[in-house]
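**Student:** Which chain is which? The protein sequence lines are D and L, in order. What the first sequence shows, in my numbering, is residues 1 to 267, in sequence order. What the second sequence shows, in my numbering, is residues 268 to 534, in sequence order.
Possibly wrong hints are sitting among the right ones.
FRET-style restraints, in silico, Cβ to Cβ [what the hints assert, rightly or not]:
1. A355/L / A84/D: 26 to 36 angstroms
2. G309/L / A204/D: 24 to 34 angstroms
3. P93/D / S314/L: 34 to 44 angstroms
Some chain D residues well away from chain L (every beta-carbon gap over 12 angstroms; in silico) [as the list claims (entries may be wrong)]:
4. F4
5. P13
6. I32
7. A63
8. P77
9. E111
10. D132
11. A146
12. D154
13. A183
14. H192
15. G193
16. G245
17. G256
These stretches of chain L come out as covered by chain D in the derived footprint (C-beta under 8 angstroms, 3 or more residues) [unchecked claim]:
18. 504-510
19. 526-534
These are computed hints drawn from the structure, not numbers from a lab. Yeah, the Cβ is synthetic: ideal placement off N, Cα and C, and Gly gets one too.
There are 2 protein chains.
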Amino acid sequence: MPDFIDIDDPADPRIAVFRDIRERDLIGREGIFIAEGEVVLGTLLRSARHRPRSILIDARRRASLAPLLETLDETVPVYLAHRAVLDAIAGFPLHRGILAAGECGPSITPEELLAPEGPRIILALSAIANHDNMGGIFRNAAAFGAAGILLDSDCCDPFYRKAIRVSVGTTITMPFARLPAGADAVALLARHGYEVLSLSPAGAEPLAGIRNVPRVAALLGAEGAGLPASVLERTRTVTIPMAAGIDSLNVATTSGIVLFALSTANG
Amino acid sequence: MPDFIDIDDPADPRIAVFRDIRERDLIGREGIFIAEGEVVLGTLLRSARHRPRSILIDARRRASLAPLLETLDETVPVYLAHRAVLDAIAGFPLHRGILAAGECGPSITPEELLAPEGPRIILALSAIANHDNMGGIFRNAAAFGAAGILLDSDCCDPFYRKAIRVSVGTTITMPFARLPAGADAVALLARHGYEVLSLSPAGAEPLAGIRNVPRVAALLGAEGAGLPASVLERTRTVTIPMAAGIDSLNVATTSGIVLFALSTANG
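Pulled out of the complex, with its shape left as it was, chain D reads as follows (with noise of 0.2 angstroms):
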């Protein structure tokens, strides 16, 4: 069981990590995430990957937290506050009442997460600069049961405040790795004996005919952009058929379309 620390005054240094939230969305890639919610925190509480630094929670929440604060580490402070004060620290009305500024384990390299043998769908992520679109996707990969998510070096950080909130939490959970700039995602995926997808509107293959794909990467690049020429002239090419005048879904969107197809056709 954790101790319970009062604060009363919102530039207390000890909750510096959760002052003005909104404004310092970079803090991740200082090692530091923040995670909000109850869901969240339980995910972040569980991880064998991550752990907890610190935890900021509405006063009132205390009785119904104490169940899942339970197995704390008790070097792991908990910070209690009035909803006031918790609005003032976090720079808006903090409706969930739960903060918690978790620590990123050691990263995963791409090898890693690429090696292990056997059916698995893997999703390789290009330039997605969107944290909506990241969180969506994490989500996606997470319901659908990928294996692990290859971003290249263009990719925003999935453990940006906002991606970690729209994945409800599946950024923690999701195996991932970032390639360094200029690396040969096609090369490398193939090497590790991937068949390796490519989604674009102007795809030679309907998604729906794809079948017999146990050991697969499907390839996402950003809306507008999509992935480079490079890449599309030395893989295969996916299209989900699409009404007149309509371009191109919501590459989020587009990811659970896919891993439903793909989960479908690999049974």
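Chain D is fixed; fit chain L onto it per the hints.
**Tutor:** Quick look at chain L alone, frame taken from chain D:
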């Protein structure tokens, strides 16, 4: 070709409809909606049902937008403002530099929406209150050529600014109708000959197994609450199988997966 009118004062009453639009997002309820950006403006100008009332653009975009505005009825004023004035009017930095006020055309009744005969896919939404989700659902419906969207009385307005933006303007083109409070969507759909499928994590049939439903309505409820038991009891219930520990997908993503699967099932 329209008359261009210079605006130098953010308080000018002629552009009042565009003032502080973020704070006034209830404006759709007055029969006026706000369209942002060139793509959505183009959609509005081509609409047979709705029409532009006035347009406000960054003065620097006058030349590049001339082809689009060429066919505009000359009674529709096009206001020009320099960037600083534009941002002061809108209340935030207006990167796209284009706002249009649209006048809602006559609404479509549920009977009008559902009556056309033959094979078609309809979405029926229950209590979708989030504008991002509403916009995403419309975008997917348009992408997969759905015939229309039926909203219950607890759904938010598809003409809210953010819903229009996320929908990439498809809320302007996709036919939709709203049911009065207490209306029985299931009975109405059945009377019009639709096979009614309710999406639910606890659904009896997997989505991938659905076949031969040329005239079909897919019912979607809000995440969390889902569809009411009274609906599930009276319809075929359909599930999207998910990994252990994950109990739901985002509802806009779900709509994309369902539309993909039904389009595929119907060939």
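**Student:** Each hint needs a verdict: does it hold in this structure or not?
**Tutor:** The hints, checked one at a time:
1. A355/L / A84/D: 26 to 36 angstroms: This hint holds: roughly 32 angstroms between Cβ atoms.
2. G309/L / A204/D: 24 to 34 angstroms: holds, 30 angstroms
3. P93/D / S314/L: 34 to 44 angstroms: Given a distance of about 38 angstroms, which is inside 34 to 44 angstroms, the answer is holds.
4. F4: holds, 29 angstroms
5. P13: Answer for P13/D: holds, closest chain L Cβ roughly 33 angstroms.
6. I32: holds, 26 angstroms
7. A63: Its Cβ never comes within 12 angstroms of chain L, the nearest being 23 angstroms, so this holds.
8. P77: Given a closest Cβ separation of 29 angstroms, the condition holds.
9. E111: holds, 24 angstroms
10. D132: violated, 8 angstroms
11. A146: violated, 9 angstroms
12. D154: holds, 20 angstroms
13. A183: holds, 28 angstroms
14. H192: Holds: least Cβ distance 22 angstroms, greater than 12 angstroms.
15. G193: For G193/D, whose nearest Cβ neighbour in chain L is about 23 angstroms away, the distance exceeds 12 angstroms, so it holds.
16. G245: violated, 8 angstroms
17. G256: For G256/D, whose nearest Cβ neighbour in chain L is about 4 angstroms away, the distance does not exceed 12 angstroms, so it is violated.
18. 504-510: holds (count 4)
19. 526-534: Three-residue rule met by the region 526-534 of chain L, so holds; n is 4.
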